[in-house]
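Q: Sequence:
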Amino acid sequence: MGVRIVGAGNVASSPDYLKDYGKRLTGAILFWDGPPGGTLLQIKGSNTGSIENMTFVGATPQKYQFSISNSATDPGARFLRFKSSTFANVSEIYISVENFFGVEVPDWLDRIDNAATGRLSIYSELFDRFAIFDVTGGVSGSGLWRTINVTPVQAKGTFTNNEHLIVSFVASGGTPQKFQILTDPYDPDDGQLRIVTNGSGDVTQILVSNLNAANFNVSAWLDSLPGPDMRVTLTGMTSDAVQVVAKVTGVTASTNLRTISVTEIYKTGSFSALDPVVLTCSRQDPIRDRAGALVL
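The C-terminal residue of the sequence shown carries number 296 in the numbering used here, and the numbering is unbroken.
These aren't lab readings, by the way, just hints derived from the structure by calculation. Some hints could be false.
[Unchecked claim] When the alpha-carbon atoms are kept at most 27 Å apart in a straight line, the in silico DSS-like pairs for lysine-lysine are as follows: (1) 44 / 63; (2) 83 / 63; (3) 63 / 247; (4) 178 / 83; (5) 44 / 247; (6) 156 / 63; (7) 156 / 83; (8) 178 / 267; (9) 247 / 267.
Small disclaimer: the values here were computed from a predicted structure and weren't measured.
Throw the hints in and build the complete structure from the sequences for me.
A: Here is the structure:
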């Protein structure tokens with residue numbers, strides 16, 4: 001007969017471990033706490049349905065505290081630190097096997113070593129500052145802490161000593177970005193992207209503003225897209241039945257936008273003007289959900 005899932009909203013008595021989530025989100029938060037590539041939510045046997053007032057976090061997040069020390073040593077239980085105070089120079093991240101809640105997660109950390117092309121995202125709890133890295137050499141070490149070898153991709157702001165952070169890893173380079181569809185034949189404005197097709201209707205280019213819908217400059221993220229068998233996926237936020245999957249053949253930089261040249265792999269449905277969409281990249285599995293988990 002159909003199923004409807006509705007987030008109940010924030011309540012004054014939220015548990016302490018949620019801390020400041022109530023200041024930035026409404027509804028319920030559904031976290032994926034299994035290995036990368038799992039199914040966050042699956043509904044079977046329903047012909048219709050809706051999901052309302054919900055936030056999905058599917059990249060297996062862990063909570064830590066930040067240490068401003070740059071020493072290549074054990075950061076201490078519940079802490080992580082960078083090798084350099086300058087984001088562009090960070091080549092290693094040192095992280096305890098014990099997360100903020102006192103739970104040891106060595107298996108979660110060691111999984112990062114199995115997907116050296118993955119992407120590590122570290123956010124402040126209000127998600128107003130972030131640091132995003134490509135994992136370039138996996139994870140080394142044992143015992144109480146690990147070293148993650150990384151290449152900086154993009155950052156906004158800085159973290160303070162002892163600050164609480166949310167750490168997530170996507171096994172094939174997710175870090176989804178939100179935009180709106182532009183259908184007119186012009187360069188996209190801030191927060192917009194435009195799909196260009198050839199005479200046969202195949203997608204050949206995606207013109208993307210340097211600023212995403214949250215007004216973050218993601219030009220460095222867009223410039224990182226070219227690579228072996230890199231895919232981009234465009235998914236409608238109001239309907240997963242509208243989607244484009246394409247192989248990236250190159251990215252051209254302009255002052256306010258990036259032109260992603262692509263070869264279409266798969267397309268279903270069509271976008272309308274101002275439709276909200278999510279742009280995701282991956283090197284191995286072309287179709288992933290908005291949080292990076294593999295769609296089965």
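Q: Going straight from one Cα to the other, do residue 83 and residue 63 come out at no more than 27 Å?
A: Measuring from Cα to Cα gives roughly 19 Å; hence the hint holds.
Q: Does residue 156 pair with residue 83 here, judged by a C-alpha cut-off of 27 Å?
A: Holds, at about 18 Å.
Q: Please verify whether residue 247 and residue 267 have alpha carbons no more than 27 Å apart.
A: Status holds; Cα separation ~12 Å.
Q: Would the hint linking residue 44 and residue 63 be met if the CA-CA limit is 27 Å?
A: Status violated; Cα separation ~32 Å.
Q: Against the 27 Å threshold, does the CA-CA distance of residue 44 and residue 247 hold or violate the hint?
A: violated (31 Å)
Q: Run the distance test for residue 178 versus residue 83: straight-line Cα separation, threshold 27 Å.
A: Violated, at about 30 Å.
Q: Straight-line Cα separation of residue 63 and residue 247 no greater than 27 Å?
A: Violated. Residue 63 to residue 247 sits at ~34 Å, over the 27 Å cutoff.
Q: Are the Cα positions of residue 156 and residue 63 separated by 27 Å at most?
A: holds (19 Å)
Q: Are residue 178 and residue 267 close enough, with their CA atoms no more than 27 Å apart?
A: It holds: about 19 Å lies between the C-alpha atoms, which stays within 27 Å.
Of the numbered hints listed earlier, those contradicted by the structure are 1, 3, 4 and 5.
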